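**Student:** Here the protein sequences line up with chains A, B, C and D, keeping their order. Its first residue numbered 24, the first sequence is counted upward by one per residue in our numbering. Its first residue numbered 160, the second sequence is counted upward by one per residue in our numbering. Its first residue numbered 2, the third sequence is counted upward by one per residue in our numbering. Its first residue numbered 153, the fourth sequence is counted upward by one per residue in our numbering.
Hints are computed from structural coordinates only; laboratory data are not their basis. Just so you know, these numbers come straight off a predicted model, no measurement behind them. Some hints could be false.
[Unchecked claim] Below 25 Å or equal to it, Euclidean Cα-Cα: the simulated SDA-like pairs (lysine to any residue) are: (1) D:Lys311 with A:Gln296; (2) C:Lys185 with B:Thr427; (3) A:Lys213 with B:Pro701; (4) A:Lys92 with B:Leu614; (5) B:Lys690 with A:Val91; (6) D:Lys371 with B:Leu614; (7) D:Lys178 with B:Asp556; (8) C:Lys24 with B:Lys664; (9) C:Lys25 with B:Trp243; (10) B:Lys664 with D:Lys311; (11) D:Lys178 with B:Ala554; (12) B:Lys690 with A:Val96; (13) C:Lys24 with B:Leu682; (14) C:Lys185 with B:Trp671; (15) B:Lys766 with C:Lys25; (16) D:Lys155 with A:Leu152; (17) C:Lys24 with B:Pro371; (18) B:Lys251 with C:Lys116; (19) D:Lys178 with B:Met660; (20) C:Lys25 with B:Met244; (21) C:Lys25 with B:Thr309; (22) A:Lys213 with D:Val277; (23) D:Lys371 with A:Val91; (24) C:Lys25 with B:Phe435; (25) B:Lys527 with A:Leu152; (26) C:Lys25 with B:Thr434; (27) B:Lys667 with D:Val277; (28) D:Lys178 with B:Lys766; (29) A:Lys92 with B:Asp556; (30) D:Lys280 with A:Val91; (31) B:Lys664 with A:Leu117; (32) A:Lys92 with B:Met217; (33) C:Lys25 with B:Trp386; (34) C:Lys185 with B:Thr564; (35) C:Lys116 with B:Met244; (36) A:Lys92 with B:Thr564; (37) A:Lys213 with B:Leu614; (38) D:Lys190 with D:Leu168; (39) B:Lys664 with A:Ser124.
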Amino acid sequence: MSSDHQEVSNDSVLDDLAPGLDRSLHRQYIRGIFVLWFIMTVLGVLAGLYLTPILMPHMNSPEGRAAVKTVIVFTVAAAPVAALVCAVALYSLLHTRHRGSLDHPPADGPPLRGNALASGVWLITSTLLVVFLLFWGLTEWSAQQVVHADSLTINVIGQQWIWDYNLPAQTVRLPGGRELKIPKELALSKLNLPVDVPVTFNVTSKDVTHGFWPVNLGIQVDANPGQRTVIRTVPDRLGKFVVRCSQLCGLNHAYMYTQAQVVPDQDFQAWVQGGARGPILAVASSQNGSTK
Amino acid sequence: MTATQPLLEDTVLGPKAGRLYRRQSFATGLGLGILLGAIGWFIAQNTIQSNENFGSDMTVAVTMAGWVIGFNIGIGTFNAVIRWMLGHDQDKDDELYAAGVGQGKARYWKYCTDHKVVGTQYLILVFILFFVGGTLAMMIRTQLLTPNSTFLSPQTYNAIVSIHGMCMIIATIIMVSGPFANFIMPIMIGAKDMAFPRLNAMSFWVVVSAVPPLLATFFVGGVNAGWTTYAPLSVQDGPAMICFAITIITFVVSVTVAGINTIVTVLTMRAEGMTFARMPIFVWASVIGGGLGLYAMPAFLLAMTMMVADKATGTSFFVADQGGSGWLWENVFWIMGHPEVYVILIPPVGALLEVMSTFSRKPVFAYKLAIGAMTGVAGLSIMVWAHHMFTTGWAPDLAGPFMLTTELISIPTGIIFLCAIGTLWRGSNWVRLPMYFGFLFLWNFIIGGVTGIYLSDVPADNYFHGNMFVTAHFHYTLLGGAMIAATAGLCYWFPKVTGRMLDEKIGKWAFWMIAIGFQVTYLAQFYEGFKGMPRRVANYDPLFAPENLISSLGAFLLMAGWVVLLYALVSSWRHGEIAPANPWSAKSLEWHTETPVPLENFLQDPKVINDPYGYGASGAEQVHAVFGHHSHHTIEEGVKQ
Amino acid sequence: MTTTHDTATHEGGHHDTPEQRDKKELSALILLIAGDGLFLVLEILTWFYLRALNPNHGWRFSTASPTNPATSGSNNPHDITAEVAKAPVSWSLLVILATLAVGGLVWFGEMRSRKGESPVPALGLALLTGLVAIGLQVYQFQTLPFQTTDGTYASCFEFFMASNLAHQFLALIVVLGVWNRGRKNLYARNWYQLRLARIWTMWVGISALLLGAVSILFV
Amino acid sequence: MRKLIGASGSVLLAALVVGAIGMGFKAQAYESPIGTLKATPVGTDTTCGAAMHHVKLDLSTYPDSSGVDSAGHPVHPSGNPDWPAYGPSNNYSVPTGSCVTMTVTQYDSGGNLNNPYFGTVLGTVGGKIHVVSSGTNISQCGGSDAATEVPATFNGDYKAIPACAIGHTFTMRPLPGVSPGFFLNVPLPLAGNYAGDNVGNTNDFPHQTVTFSFVAGAKGAYSWNCEYPCGHGVASFGAVMGAYGYMSGYLHVV
């Protein structure tokens with residue numbers, strides 16, 4: 024081992040990280056890793072900000088958009104950490120790799136057995152990040168726990184391997200003073216939802232556990248036999264989507280889905296009053312697309 | 160010291176050679192297993208009422224139990240217990256015979272107590288299980304090449320998905336704790352063998368007996384319920400579920416025995432001077448993984464026995480219309496299930512840190528912090544199970560606490576990253592094949608980790624749960640993380656295990672196929688998840704067609720890469736260049752004994768004077784251990800002065 | 002290196018001194034009991050979970066269940082709770098006492114062995130008691146006023162009995178072993194296996210007590 | 153070079169092994185002896201409202217899968233003889249955009265649906281089915297459904313069948329993302345209350361003949377299954393219901 028490793032001066036943090044390395048070489052290492060880290064962090068942040076909305080579908084409810092937003096925020100938050108790991112790994116590949124014959128081991132590296140400062144900074148940073156993640160998650164989660172006084176109740180029944188929906192007779196007061204009336208109980212094979220009307224899904228199962236997942240509403244809950252689970256949302260954008268089963272439920276699990284759409288509340292009212300006839304509502308909206 | 164193996168070739172056993180139990184081998188196990196299975200089937204057929212609900216279940220249960228018990232009697236699992244009860248303890252010759260002395264290659268087919276034989280047996284079994292699981296994965300990806308595919312019926316598809324999952328879970332649980340915690344770990348601590356050599360052999364052969372019932376599921380209707388076998392779906396399922404449960408119950412016995420054995424070995428068998436603070440990080444990882452396995456397995460046993468009771472005797476733990484609850488299953492299962500993923504992950508991470516240290520020519524960065532991190536991960540992992548249940552409707556009020564514990568795990572996991580990059584930092588970075596896989600681990604596991612925090616967040620999980628995003632996430636952590644790290648360990652220890660060098664040229668071809676195939680496969684699956692494709696579906700919308708096609712093509716490349724790696728391993732094992740005892744100039748004890756390793760590992764007893772990470776140190780601090788009984792005192796005294 | 006040398010080394014490896022074996026086996030036994038204890042805790046948690054759900058007080062619904070022909074409900078006994086509350090308590094107590102007695106007798110044998118006396122009579126008695134305990138447990142199984150299909154209470158009760166039976170069986174094997182080895186005078190000097198047997202049989206007794214207490218006290 | 157040959161050779165070998173196993177798994181899927189049942193064209197007419205290509209499909213449901221049907225085809229040869237089955241095939245093929253008239257002859261007994269919703273006729277032309285009974289069936293459902301009126305014989309058009317008098321259903325779901333999609337639920341009334349063995353499955357046994365029409369939508373493999381709990385275990389959806397081929401299959405619109 025070369026002797027320069029033994030001349031350890033402990034007067035600075037940088038020396039701690041790299042004992043025996045002369046300052047200029049040392050700065051070069053740090054600078055190299057910093058540049059790599061910076062580039063990769065920027066790439067990660069950009070990917071989080073601009074790629075996520077492209078990758079994820081158009082959401083029809085605040086909960087759905089919260090999921091997209093969470094992915095963006097967490098990607099941005101995680102980007103520096105992930106970039107640091109990649110930067111150090113890449114730098115050690117690009118710069119400190121042992122060149123020449125690979126048949127014999129290179130000379131030993133410096134005997135760095137740890138560094139209280141590096142470990143401390145890392146620990147504190149990751150703890151702060153976790154606190155942030157938790158804070159973010161709990162804020163979003165509690166915002167989704169709001170129970171609207173008046174909401175459209177839909178009973179969702181899962182069984183192997185089909186969903187059906189039961190719309191009990193009810194009157195829902197809408198914010199504008201209008202009312203949404205379901206004159207008599209309706210049993211439906213498709214899910215139609217009026218836009219901007221709070222909706223409560225009472226989910227249950229007739230046989231095994233299913234997963235009620237109205238995809239673009241960004242919510243889901245299992246349908247458990249003998250239990251009633253409840254989820255709520257306010258669909259606030261028009262559009263079509265699919266309700267899927269997210270819990271393996273046997274033979275035809277893959278085929279357990281329903282067409283669903285969010286429609287203007289007047290259309291919904293008219294359709295309901297007409298006894299919910301007709302295969303599908305005539306909605307003037309494009310697939311997965313239009314805003315209200 | 161010269162490389163000799165006098166024990167295996169020259170030793171003459173006592174006159175008792177030829178007793179009945181010395182004729183036991185895999186063949187007698189197979190024979191007796193099939194015989195007892197057939198007898199069980201015959202009795203069940205003729206005595207159990209052909210009750211439509213329970214009849215076939217009981218028949219399958221009795222048949223499979225007959226197989227497992229018969230195989231284990233045949234191979235010799237119960238010999239020691241019976242001899243103990245009779246008061247006929249094994250004498251020296253018996254023990255030498257059991258350790259494989261004088262039996263050549265045949266000892267690999269026997270109930271051999273030599274930990275190196277057990278480790279090698281495990282390695283072969285792991286290869287086989289991975290090939291089976293990989294083949295099933297190819298079935299899945301072929302079915303999903305195009306939408307509306309009718310290559311497989313939904314029933315066959317579900318059966319394949321379930322057994323792919325369980326086969327891979329079993330393979331990954333034993334992939335490091337089997338081969339390397341058995342072969343390498345005792346040598347690392349300077350032990351002559353494991354604490355309980357016979358239990359060690361048992362832990363292997365019991366897994367072997369657990370495999371046929373798992374594959375038998377395909378012939379009795381297939382498991383419909385996925386590897387998680389959520390009740391009540393699994394209670395509704397056919398007799399294949401009984402085979403599945405028998406596999407798990409048998410496997411639980413193996414993991415429990417192996418975990419106890421590992422821990423007791425480290426507690427009681429360390430060489431002189433091998434303090435806890437001087438143990439290689441891999442030994443710590445094996446102990447933590449084994450201990451966590453001891454925590455997880457009872458819950459698995461309970462879940463499976465209750466499910467068998469529900470199916471075969473009509474109890475109602477999980478059947479709602481008789482008062483049970485599926486949430487009970489989900490709780491008990493995930494109390495096992497989440498620690499279990501760290502049972503899989505921690506030992507490979509330990510192996511990885513050994514690789515990083517050796518090939519960076521540097522000590523493991525923050526050794527004690529790394530141990531703390533692995534312990535922290537293990538400790539936290541027993542408190543996070545309900546994050547698998549965020550969307551089940553069970554106790555929504557607990558979403559916050561479980562989100563907290565789940566996100567807390569990212570702190571110790573982050574420390575493991577810190578230790579890895581700290582070890583790389585300024586290292587000399589000798590990029591041999593193990594290191595390729597080390598770098599791949601870092602990349603994969605960072606993606607697996609970051610996607611994990613999306614899933615730990617309840618609002619985001621409400622979108623991602625049960626969808627392909629989860630599938631991609633856990634493949635990034637378990638395949639891209641744990642299995643790649645285990646591969647790094649395999650390439651690292653290959654010369655010691657086989658006595659030959661691994662062909663790195665073919666290995667690098669395999670590496671690039673695996674690395675690229677893996678990214679293509681699972682990045683495409685992340686995209687499927689983003690778009691909202693559910694998991695475990697035999698068919699999907701045309702909406703998801705392009706990314707499924709890409710994912711399937713990537714998977715074919717990935718499988719081809721593994722096959723090439725397997726070719727490299729097998730051909731090097733047979734014809735490779737003879738390996739020196741210490742090809743990597745590493746410091747831990749396994750590299751400082753002969754290759755091939757003699758029966759009791761060391762020709763002279765080691766005395767440990769430092770930890771095995773004395774890279775770059777000077778004088779005696781470079782030395783991990785000294786051998787023989789004269790020199791080490793002086794060196795130790797020299798160190799003290 | 003000569004063959005003899007290696008064989009000698011080997012002997013040192015596998016033929017530990019009784020003290021070394023005691024240490025190893027005691028550690029292993031403690032770990033095994035820890036795992037087994039976890040199983041027990043989860044079993045009891047299962048019991049409390051199902052009890053908290055408590056549909057129909059843990060009993061099968063009396064009406065026929067159209068969705069599950071496995072429970073016809075046709076022969077559902079009336080007021081089964083009161084009947085059950087009387088019936089198994091005394092039997093359970095007997096089973097528990099007998100199981101605890103096995104541990105006590107092994108302990109007695111161990112103490113005699115430590116004093117240099119023969120443990121065989123005590124161990125023989127433990128063996129008989131173990132057989133009686135198993136007999137009592139099987140008898141209780143057969144005379145229960147309900148079946149596995151009678152709801153969650155019955156499910157848990159029978160599951161507890163089954164796991165207790167498995168425990169008793171394992172204890173019996175151990176007791177049989179130490180008794181036979183004692184008979185062959187293998188414990189003349191080292192009694193560490195007797196201590197391990199005592200720990201195991203006492204654990205079996207304690208777990209029987211816990212399971213019994215839970216299933217009896219919280220009908 | 154030797155290494156390259158070895159590596160590619162092992163990939164090839166593995167591909168062969170995996171392929172062979174794949175063929176084995178493919179063969180596990182039940183296929184009826186007559187293969188996919190193709191609809192018989194009957195010309196162009198206005199059964200479905202507008203004038204369009206009209207095809208016919210004739211199916212039966214049997215209480216057990218042994219024996220042969222009236223045309224001499226085995227009902228469901230490679231399986232569990234005690235299980236009910238659709239025959240003569242579980243896979244059907246109809247041309248896209250055509251009007252399909254299906255006739256299902258229902259020989260099986262039955263009872264209560266898990267979910268009464270599937271007693272409603274959905275997705276057929278006019279929202280109705282035409283049922284003709286071969287003889288007297290039950291007049292009342294049992295138990296808590298005793299008040300439900302069930303005709304002694306069915307003869308005419310029905311928009312729903314009482315949920316307690318169902319033999320099987322033919323329930324088919326749309327394909328998401330495929331338009332026009334179609335959803336179909338046809339309840340088939342139970343045929344008598346006997347417990348006898350129906351080996352032979354001839355017209356001598358009591359049966360219900362159910363006829364309905366629907367318009368086949370866009371191309372694709374539409375999965376159908378029965379929603380009547382005719383299996384065992386939890387919710388009676390185990391055994392036959394979980395096994396592909398007896399009470400499930402595909403309608404291929406080509």
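**Student:** Against this structure, judge whether each hint is valid.
**Tutor:** Outcome of the hint check:
| no. | hint | in the structure |
| --- | --- | --- |
| 1 | D:Lys311 with A:Gln296 | holds (20 Å) |
| 2 | C:Lys185 with B:Thr427 | violated (30 Å) |
| 3 | A:Lys213 with B:Pro701 | holds (20 Å) |
| 4 | A:Lys92 with B:Leu614 | holds (13 Å) |
| 5 | B:Lys690 with A:Val91 | holds (11 Å) |
| 6 | D:Lys371 with B:Leu614 | violated (37 Å) |
| 7 | D:Lys178 with B:Asp556 | violated (46 Å) |
| 8 | C:Lys24 with B:Lys664 | violated (48 Å) |
| 9 | C:Lys25 with B:Trp243 | holds (17 Å) |
| 10 | B:Lys664 with D:Lys311 | violated (71 Å) |
| 11 | D:Lys178 with B:Ala554 | violated (42 Å) |
| 12 | B:Lys690 with A:Val96 | holds (18 Å) |
| 13 | C:Lys24 with B:Leu682 | violated (51 Å) |
| 14 | C:Lys185 with B:Trp671 | violated (64 Å) |
| 15 | B:Lys766 with C:Lys25 | holds (21 Å) |
| 16 | D:Lys155 with A:Leu152 | violated (49 Å) |
| 17 | C:Lys24 with B:Pro371 | violated (37 Å) |
| 18 | B:Lys251 with C:Lys116 | violated (31 Å) |
| 19 | D:Lys178 with B:Met660 | violated (41 Å) |
| 20 | C:Lys25 with B:Met244 | holds (19 Å) |
| 21 | C:Lys25 with B:Thr309 | violated (57 Å) |
| 22 | A:Lys213 with D:Val277 | holds (18 Å) |
| 23 | D:Lys371 with A:Val91 | violated (34 Å) |
| 24 | C:Lys25 with B:Phe435 | holds (17 Å) |
| 25 | B:Lys527 with A:Leu152 | holds (23 Å) |
| 26 | C:Lys25 with B:Thr434 | holds (18 Å) |
| 27 | B:Lys667 with D:Val277 | violated (63 Å) |
| 28 | D:Lys178 with B:Lys766 | violated (60 Å) |
| 29 | A:Lys92 with B:Asp556 | holds (23 Å) |
| 30 | D:Lys280 with A:Val91 | violated (44 Å) |
| 31 | B:Lys664 with A:Leu117 | holds (21 Å) |
| 32 | A:Lys92 with B:Met217 | violated (52 Å) |
| 33 | C:Lys25 with B:Trp386 | violated (36 Å) |
| 34 | C:Lys185 with B:Thr564 | violated (56 Å) |
| 35 | C:Lys116 with B:Met244 | holds (23 Å) |
| 36 | A:Lys92 with B:Thr564 | holds (22 Å) |
| 37 | A:Lys213 with B:Leu614 | violated (29 Å) |
| 38 | D:Lys190 with D:Leu168 | violated (34 Å) |
| 39 | B:Lys664 with A:Ser124 | holds (15 Å) |
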